[in-house]
Amino acid sequence: MTAKTFVDSNILLYVYDHAAGWKQEICKQVVQDLWRQRCGVISTQVMQEFYNNATRKLRKPMTYETARAELKLYEAWEVVQVDPSLIQIASNIQEMVRLSFWDSLIVAAAQRANASVLLSEDLNHGQMIGGVRIHNPLLNQVQEEGAAYQV
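UniProt numbering applies: residue 1 is where the sequence shown begins, and numbers increase by one.
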């Protein structure tokens, strides 16, 4: 059985961001693998962030209808509901780990789903928080590109 993998909104957004270049290609592959393995997890917070940013912040924003249709597809994944108890857990994570509240809420949702991995570009790659390992799928590519420019 494949381990559950929680996906932050930034990874999902890159899938649809045609201006993202290599980041789009990597994130497309990652998300396709999660569909194939049926192990993707998101939260209602991720859905909200995706919708808001997809319709406003992409270089070519999605129409509202298209964004809603894409979100409908992700309902097939496990979706963690943000509720009062999850907010309390997130506030504890925020205090203990010193993350922003919103990042703490993402971590709390990944924990609730028993995800072993949280894919995010925004968090500390390799860090373990309450049994969830943070992984930035874009990091190796960034390091390789940086190495190409070293003198």
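These are computed hints drawn from the structure, not numbers from a lab. Treat the numbers as computed from the prediction; the structure is a model and nothing was measured. Heads up, the beta-carbon is just placed ideally off N, CA and C, and yes, glycines get one too. It is possible that some hints are incorrect.
With a straight-line cut-off of 25 Å between C-alpha atoms, the simulated PhoX-like cross-links for lysine-lysine are [claimed, not checked]:
1. Lys60 with Lys28
2. Lys28 with Lys72
3. Lys72 with Lys57
4. Lys23 with Lys60
5. Lys28 with Lys57
6. Lys60 with Lys72
7. Lys57 with Lys23
Label-pair ranges, simulated between beta-carbon atoms [as the list claims (entries may be wrong)]:
8. Glu95 with Arg59: 13 to 21 Å
9. Met128 with Phe101: 30 to 38 Å
10. Thr63 with Ala3: 16 to 24 Å
11. Lys57 with Asn124: 34 to 42 Å
12. Asn140 with Ser116: 31 to 39 Å
13. Asn92 with Glu25: 31 to 39 Å
Verification of the supplied hints:
1. Lys60 with Lys28: holds (17 Å)
2. Lys28 with Lys72: Holds: Lys28 and Lys72 sit about 18 Å apart, inside 25 Å.
3. Lys72 with Lys57: holds (20 Å)
4. Lys23 with Lys60: holds (16 Å)
5. Lys28 with Lys57: holds (19 Å)
6. Lys60 with Lys72: holds (20 Å)
7. Lys57 with Lys23: Given that 25 Å is the threshold and the Cα spacing comes to 16 Å, the pair holds.
8. Glu95 with Arg59: 13 to 21 Å: The hinted range 13 to 21 Å is violated for Glu95 and Arg59, with Cβ atoms some 37 Å apart.
9. Met128 with Phe101: 30 to 38 Å: Hint violated: Cβ distance 20 Å, outside 30 to 38 Å.
10. Thr63 with Ala3: 16 to 24 Å: violated (35 Å)
11. Lys57 with Asn124: 34 to 42 Å: This hint is violated: roughly 24 Å between Cβ atoms.
12. Asn140 with Ser116: 31 to 39 Å: violated (19 Å)
13. Asn92 with Glu25: 31 to 39 Å: About 37 Å separates the Cβ atoms of Asn92 and Glu25, which means 31 to 39 Å holds.
In terms of the numbered hints stated before, the structure departs from hints 8, 9, 10, 11, 12, listed from lowest to highest.
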